[in-house]
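First to last, the sequence lines map onto chains E and V.
For the first sequence, the working numbering begins at 1 and goes up steadily by one.
For the second sequence, the working numbering begins at 10001 and goes up steadily by one.
These are calculated hints, taken from the structure and not from any lab test.
Warning: the hint list may mix true and false statements.
Stated by the list, open to error - Once the Cα atoms are required to be at most 27 Å apart in a straight line, the calculated DSSO-like pairs of lysine-lysine come out as:
(1) V/K10075 x V/K10131
(2) V/K11057 x E/K115
(3) V/K10561 x V/K10635
(4) V/K10328 x E/K284
(5) V/K10263 x V/K10535
(6) V/K10143 x V/K10160
(7) V/K10075 x E/K136
(8) V/K11057 x E/K71
(9) V/K10353 x E/K218
(10) E/K159 x V/K11124
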Amino acid sequence: HSCPMVLRIAELTSFGAGASASTHQPNSKFTQQELPACKPILTPKWVISVFLLVGVIFVPIGVASLLASNKVVEIVDRYDDACVPSNVTNKLAYIQNSTISKTCRRTLKVPKDMKQPIFVYYQLNNFYQNHRRYVKSRNDQQLRDASKANETTLCDPEKTRDGMAIVPCGLIAWSTFNDTYTFQHNTNNLSIDKTDISWKSDRDHKFGSDVFPKNFQKGPLIGGKTLNESIPLSEQEDLIVWMRTAALPTFRKLYGRIYVDLKENDTITVTLDNNYNTYSFDGKKSLVLSTSTWLGGKNDFLGLAYLTVGGLCFFLAFAFTLLYLIKPRKLGDNNYLSWNRNSAGH
Amino acid sequence: MARVRRRLEKLKLSTLYSFALCAKGSTEDHSKIGTAGFSRVVYVNDPDRHEEEGFRYPRNEVSTTKYSLVTFVPKSLFEQFRRVANFYFLVSGILTLTPLAPYSAVSALLPLSVVITATMLKEGVEDWRRKQQDIELNNRIVKVHRGNGSFEETKWKYIKIGDVIKVEKDNFFPADLILLSSNYPDGICYVETMNLDGETNLKIKQALEVTSDLQEDGDFTNLRQIIKCEDPNANLYSFVGTMDYKGMRHPLSPQQLLLRDSKLRNTDYIYGAVIFTGHDTKVMQNATEPPSKRSKIEKKMDYIIYLLLCSLLGIALLGSVFFGIWTKADLRNGELKRWYLRPDDSTVFYDPKRAPLASFCHLLTALMLYNYFIPISLYISIEMVKILQAVFINQDIDMYDEESDKPTHARTSNLNEELGQVDTILSDKTGTLTCNMMEFIKCSIAGTAYGQSVTEVEKAMALRKGVPLGDEIEAGGHKEKQIEESPHVKGFNLKDPRIMDGNWIHEPNKDVIRDFFRLLAICHTCIPEVDETDKVSYEAESPDEAAFVIAARELGFEFYKRTQTSIVIRERDPNQNVADYQYRKYELLNVLEFSSSRRRMSVIVKEPEPEGRILLFSKGADSVMFTRLAPDGRKFEEETKRHINEYSDSGLRTLVLAYRVLDEKEYENFAEKFRTAKISGSADRDEQIGEAADSIERDLILLGATAVEDKLQKGVPECIDKLAQAGIKIWVLTGDKMETAINIGFACSLLRQGMTQIIIALEAPDIIALEKNGDKDSIAKASKQSVMGQIEDGIKQVPTLGQSSTESFALIIDGKSLTYALEDDVKFKFLDLAVKCASVICCRSSPKQKALVTRLVKHSDKVTLAIGDGANDVGMLQEADIGVGISGVEGMQAVMASDIAIAQFRFLERLLLVHGHWCYRRISVMVYSYVWTSNQLSKFNYYVDILFLMQICYFFYKNVTFGVTIFLYEAFASFSGKPAYNDWFLSLYNVFFTSLPVIALGVFDQDVSSRLCLQYPELYQEGVQNVLFSWRRILGWMFNGVVNAILIFFFCTTALKDQAFRQDGQVAGLDALGATMYTCVVWVVNCQMALSVNYFTIIQHIFIWGSITVWYIFLMVYGAIDPKYSKTAYMVFIEQLGPQRYHIGW
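One chain only, chain V, in its complex shape (with noise of 0.2 Å):
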């Protein structure tokens, strides 16, 4: 560790970069310092002055909670009562305070307050997790300046403004700051940002200069700067500020910034001044909450619950014109006619004289009595089940990742049944399908292809075509067996005796072979680590660059270490002599690094004596690197090309390898030129810089091609295959070229060999003449009426549906074309395509393009489910119906936007297939059976259709079938309001006898086991095209539940009338007669439970029978209390229901 540290601090690495990493600071204007929006100010070092200056700057402790101790009461009883329905209790709870109560006022708040109790605690406990994260956080400790040089720790949250503070590596920053100074002598230090922006690549920020010298504590004894700076802001690439120090004035860039929650790497320790704390800081002031989704059955809830209540007013006002009309007919002329009722002598509820007041009065009673139809306890049971099934779905040991210890997160139970219903998955490529782990795995190197390893694509293309690979492994593996002794290296799978262990030597081209692997060794931007056993390994900013230095070091080129000025390679004697190294120091000129538009990347070196000759280095995309071969360098042009195109086909990614000897002159030339270029400030500087670049890399000399896998995640193509099959329509949106993307769609078997593709690209003649030329407008013009063109091409080729099936129409298209693809006059057409298509891939496309991409599918009213894990998704899992972030390596970007986490892609095949599956139908279960107690038939087309559009569930089914018995009693009652069953039973009716089934039946049932959902990945369609909200199933469960309802009622009248129900002679009251159709309605609704019930679980039964127990005990119980509180309830069961005689079979 020492001597890479040594090493480093000698390395000036920002000399290194020429091109974007270390753009010079911005010109932003800092002349509006002081002005308006740019009025902090920082006395660095001096974090007490800002008090006595009257600054009042927050402090760094952070809170995420939602509530507070004394808001929590208020606020979260306020959130409870927006919700229609528990609003709507909240009002008739408050009016059952008042007479017209047909039941007690108790009765009816205590449910409610269970309720609003219940979901409060939820709440409370959630926002306590947020509380404990937030402590956890703010108690963290860095090292803080106390004065005369001494650095104490201290806890996060009592940093204050001013504030010099030293973090060490790997630790995160914990307020904004000013970076002052590292360990290395130029100021820079390298921060990974993932949590800001999800990119894995380490960015460099430098300090001024004229504090990177302060490197001790001991220098900070005096230390005195003024800063000043914008107000806190929420823009994470933007900064402007100045710096007072040692009386200079020095501008201050986001490239001296940095911000909370990045990490240091690769710097053993940073100083920095506090600028922004706690809230103010960039990262907090992007604290946005995430878009709330709700799922489409519960939107359409609340609907349901505006029908019912739209139902129950129906009701209500029919019962109230009844009740006023005899009413009214009670007193005709001074004659009493229900004498008993005491017309003459009323309130006004029941006042014949005043009898459409009292119709009035009797219309909020009703209201009150008919509120058994709208279920007082479904919000909180669903969400329980919710809750509950998300419970499940984390701890599905077949979700969970052993490698990275990751079970699968739902981070919102909300929307457990539309996984259900995914009808299109939108999925990122890299880190999603691909591990993002490059393997080098092939390389052609002067015309022979070398590597005999099967990629993933192959072996999916041999599965696929039902040929063995045959000889092929069977010779393969008995070499990967000797092969497999060595331990396998992290992004090295070449496999070939030829050139492995130094064989090399013996080949043909031994000294291309030797070059190639230099070049490999040379060309890139790695920084190399060695460690104690004088192992190296290394930090590359893309895996990609990492496997090839690996590979190269594999062969023997090991890269060894990087000044500023050179490279040294160890090179292993290829005469099997592993103890003999020979270095080989390369002097470093340039670096010409890749960017897209270049496609390639070169170094300039030179070679150590003897040879000393300057060299160019240079690797890129096949389709630049042919372009400039030197006409001599184009021996192995055509091998290298077949090559090429074999390694595509296997789904693997290509460079080609070139290199150029330079003479002393040119190379000052171009030295010259490229010298001016950087150091110009103007604009097209970076140009100038291409320009430079472009004229010296030319005429190459071919060496060869690398292929390397971008491995495929585990179980990929298997999972895509299930999930084509259960009917779910594949989109990749990809940032990658179209031929990689084409690529991993075969690999993957999202691209099958009989399909045919659609491909919508911008690569017409004109149109690139066009481009050259430059006029924007028309580009745009002709682009777009290409791509149009192109669309409407492809409607005509793919078939209307119906005519066949569109198994085998692939559309691809690339981010040019999209853009003018989502266009507002094009997009629908687009999407007209689309859909037609089984897979759809988008190449290059943006995060803002997967976006709105995702936003368009939408549109076509499908579920949508979109699926990725780093940053530029985050984008996309927001704006699906459904997000699911890979907890992968790229960070916890897309995680943390995401609706569940899981930690590989196959994982989706039992997410969907299998919970999604028993989660949709167990919400739907719930859902439907409600419907059929409506008792009005003439309403039943009224509810139909909107039936449709809701979703209604079996809670509602109980408490209609419940409802109606009163609404029938109400009819035999002269609709007065009296309730055929006690207050209690009434209140409880939701809370005890009938709810813990449903919750059971959601959260345990399921039609088929996993097994067969896995095995038949059909039955997903079931949900897709809601099979089980069918016209027929509604109306057949409508119909049962009305006989069902009114069976009870008359059953129960009938059977009990006038006579004797028992043997000493005693004719039913209403106490009896009530408490025995109450019986019967638990029976049955369980019962109906039962029925629908696919799999019996000891956890069923304990819950459907069980309700039925407590009904009884509570019953029992109940009876035995002073009359005063059971009234009619007392001793009802033992005295007269004793032996409980009339259960309803069914």
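So that you can see chain E by itself, here it is in the shape it has in the complex (with noise of 0.2 Å):
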């Protein structure tokens, strides 16, 4: 019942209450919450024109990215298969022998005309690039650093080799891709240009330029790429490429890059050594040649969702106007108000 703690509370009161009657109690626009705000009310002619204004914006972007994709010319052959000669049934161990050349012939038809740069890359399915596992295993440390070669933590299980630290340790780069590609257009060598293939950050940072690979791939299991270990890590640009890993189980890697234009019709005959291991788990491997525009490569996705939400606005808007000139209703009729509508029901 009696609240003991009531002398020093009514002092708090009083000191509280003391402060401010010094000073005056404030009183402000901001203090009383009457700043000057807008408040939208979504008016009929409000809403019918921000639609309006989204679709006009939207169309021409998602048209212009329409265009920008289908600029683009891009050929994707799926090889995996293809590659396997037709008497092997056992691919799995066709690929794991290497004894075997894989070596593997095709032949590209160019659909149009192909502007360089020609952007050359491989594309795995069913990878998962994104395993936390996976993602872990590397040391970003020991790549970039040549004092810290021996720093292998995280790089499970390909840490080290007889006692002796793995240089570039862990499971993505013990897995680098290592099919190799190379083209001939009307019988002439086209070269691949490999180098700038990778992020420029990667090479200067994460990467050392004085770092090299050793121990690399001594294994009785042998992953992927083999590394020369004569190059610097930051030169090796297709495990720096591999390195950055993809977002998604299906995804393309750049592997070079081609300036030469090519022709409609005209043929490549791509020259390639099957060697990467996709088979065991029923993954593909494609190789695809792709020009690029201003938005990259070929995904008609942005534009059409562009063309797709702009034409909703437009759409809407014609709704609403119709709607507004059909059965207009007055803006701030008190009719509408919850307990007028209610006594109005019942």
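Mind docking these for me? Both chains are given alone in their own frames, and the hints should help you get the complex.
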């Protein structure tokens, strides 16, 4: 019943009140919560014009994106099945057999003129580069710093070989893609430029120019590409590209660029070494040649999305206009207030 | 001043009172002294001896802080982790230190520690404030005897048991004291215990006779006493002890006990011996933590957390199962499937050979990963929002009372949104609806009505009828102007030229008028205080009495002086000669005090010579007075009754005045009887006194009646009107009698003309007859049956809901009936009836009944708000969902128990209709936006069911949006537990990029302006009916949310699929996709916030667009940090996302 701390709190309140007494209760638009404000009222005109505006902006963007995407010429050639001789039943055994030559020849037809640069990608399917075990299995310090060569934490299970640290350690590096492509165009060899296919920041900051591969792929189980031990990591661009892991199980990675214009109906012969094992997990391998525009590679989605949204906005603007013209509603009609509605309704 | 004192010194006030005030010491058993529980020994004036004797008593220093320097960290940490969510985060934070963690430990622990630190800081500041108060209190100064009769000023905290201290007028007692003496010769003193029990009337304490002659400082030089008494306890009204003094043992009672935190009044100084110090004092022993109230939404929040934990567990389980299956498939008959994961050489977390175990470990990982479903900053943000809301409530100038300089003070910020859902207000009357300031406004003398002032009630009624008061006002107004030139006298508002300024002498019944005002000047228990300018002011027990004495004074019958045996009246000559005073000294023979059962008071005086008659002056309620009139004293009965009825209708309190001339013999008979009754120690002493008084208070001659207005507080009727329009039901719980309560009900527009009143009272003749016979059981039975019957009749009268509006019914119930109506088997029927009535008035209700009624209303699951100002309302305030205290005149008791303190009742309107509405809306918008992203449609029904019970908030929304994108990504990463986002993106999501706009919304948003809120009180129903949480809305939000999260994910993954995403041919890796998706989430969540905002001030703009900007800045800064720390975010913005193209237009 009786509150004991009355006195003290009485003191407190008077202390509080006293403070405001001397300074006066503040009275401003801020404290009274009456700051100038914009209160967007969704009037029909406002809504319709917003929709129209969005439509007007989005449709051209969509059209431009779609045009850009359509301008891109892309050749995709899946070769994982085709490059296994038809008499081989156990593809896995075939690919794992290092004694067999796995050279394979593919002929590609250019569907449209392709302006240089033409980008060469390899595409893998059903390959979980984003698996947590896989993503984690690297050591950034080791890759960057020659003095940290023995730093192999997180690199399980590709840490050491015979007690010596593996450089670069970890599953990612170990499983680097190792199919190789050479292109011939009208019997001329097409040279592939493999420089600068990786991100500059990776070359400059994440992979050291004084770090050389060591003890790499020396184990009983060979994963992927072997590295030239005399080339520093910062120049092993295939590795760098591979090590920037993909977000999704289907991904492309840049293999190189061709600086030759190709004409429609030209044929290109690709000689490839089919080394990389995607057979065990039913993955697909494809070779992709693509040009690019300001928007990048071929992807209609963005354009379509813009068009759809823009179109929808136009449609809504149109529908609302109709509604507004056919059945206008007075703004600020008190009859629509909930209590008025209720009493009217019952 | 000096004069007053001299006069008072001679006055032994203790003999003046007859009944209760000076009740003799308790009859408690003093033989218990020395036994267990009564072991305290105090050596008065010898404080050092206690230690020598081995007694250990605490110091007088008090501490009310929750923490000390040492305990602060562990104790407040413990408090923090008692919260479900915080505990969860602590556990998952610890787990991040293991290899199970999907992200780095630092990134997970940092936000947690930020949140915990912030909350701890808040706690610390609050505690520090308490500390400051303690320090202030402990350092107050009091005079303590330091030997040789010299008193030194000492700080409170240094006071020790046994010290003799001297407390001066208007100071607080620093500890519990035994009163030794005061400046009055009989050792009495006046004490105001407002801080203890809220009562403003002064209480009299009296020292033992043996010590009351210790009048001078020097008397204490050699004083030695030993006090033995009970151990410290919390009972304020009992005390048992003995004092050994001068070889004698004297019993001590509560009559000698002065309690800490009460105040010395009307007494120049007292001497006292300290017997309880510090935390031993009764007041500190009473210190209990006030019950902590949590708002309903907050209560539901824990459920929401549980629910989210469940759904989180569900998602995690789903992921783990898939993970387990896929992991197991990686190794079949020694063949490696996903060879690049080296399933043959795996740790336990990914080992196909131990897939179930791996699956379990993954479950833990997933639980950590998906903890973004649970917003870590939720509690702190909501707390911040509420504190800021409270700040705005406190600062609202429209709820600031200039007169008393009191702003509104939200003492707890927990309940702001409940303010928007109040269904029933339970209000005290006196001091809450009314000012507790009585104004003598009208009177009826000798059958003539005087007084032309218009009462509030009349104004209100006229206003309602739409009839202008017209001529009356005009005429009155004219005269008012003249009168108003003279300063308004507090407590007096009689305006009638016929009797003012001595004009009464020209009235036909001038003798009656004279007697009437003489009676008013004599028949009371006030004490006059004459200041230097010869102006008299009065100390009265009740404001009514003061009003009477003041009225008499204004009419020229000035109560001037009171001595033990006499009352002096200074009469102004009615013939305008102001300087000419006539002093009339009445010999005071007896005072027959007012009591609630007698409902009257009388004094017996002997007139000054030459008349020298013995007169009995009596004033009382009409119900008792009219039956006591002599046959020849009923001359004006008819008119007076009529006037009384008129006054009652105008909401005035009336008293009937009558007198009687006693002859010597009759008086002596009475005096003898009265004296014997008074000194008799028997149990029925009070009854005997009553009987004696009753025998003399007969055959009275009617003089007239007074009408006193219990002034309504400013704006009360308007406020109640608005609240009623807002659909809030108002119950008035008052201690007043039914007539007064009904009057006030009309005055403050609780009751309206057209309303049907359902009155439940126990005044049936058979019950009254039973009461006289006394058999308690049968009374109870009959009463209960009667109440039952009346309630049932009432229910029949009121149409069931839906048939027609409940507008026109009012329930009025009196205290006695309430006792029965609150019994278990009746109460729900009573509630049924009560909730159907627009207004409910409970008269004559005790504090406990108030609390019980409040509890009963709470049963109906409605939010209740109790408002009151006095100690008798404390129970009610604590019981209600929201307690609002009026920081008015009746002390701080109610304010202490309240959640929000306001200065005037009318502020309630703005508090509820504006702030309540806003706060409710704000919190609930935060709440329900959440819903829209629960990803699992299968769970929708489940959600919806629970959503009615619990309202989930925007925080949850944004977190679920975020969480769902993580989850969807998982599905594309074979549920391995790889988050799509960089560690720090994850952990800062809640802290930086999305929290501030929500807080801004919570603090500043308003759907309609305060003006509109007040203009359309109906808007308030939105909160009461919980419209904002309606089914369709929730479902709509849910759908919106799911679409939203899925769109973000698929839009991003499709747009950044496998093709080059820029001209130079590079493809987007995990880093680019993560950053893009994150950007989308930040945009969408903030834009959604922008869409939810109704009131776009600069602040909202800053927070919403600022948050998005902060994200980009963060991305750039973080990306520029060495890749050792920034990892995948390194240069991701500069290099890859440079031209940021993927904003989803929504």
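Hints versus structure:
no.: 1; hint: V/K10075 x V/K10131; verdict: 17 Å, holds
no.: 2; hint: V/K11057 x E/K115; verdict: 23 Å, holds
no.: 3; hint: V/K10561 x V/K10635; verdict: 33 Å, violated
no.: 4; hint: V/K10328 x E/K284; verdict: 22 Å, holds
no.: 5; hint: V/K10263 x V/K10535; verdict: 26 Å, holds
no.: 6; hint: V/K10143 x V/K10160; verdict: 12 Å, holds
no.: 7; hint: V/K10075 x E/K136; verdict: 39 Å, violated
no.: 8; hint: V/K11057 x E/K71; verdict: 18 Å, holds
no.: 9; hint: V/K10353 x E/K218; verdict: 26 Å, holds
no.: 10; hint: E/K159 x V/K11124; verdict: 20 Å, holds
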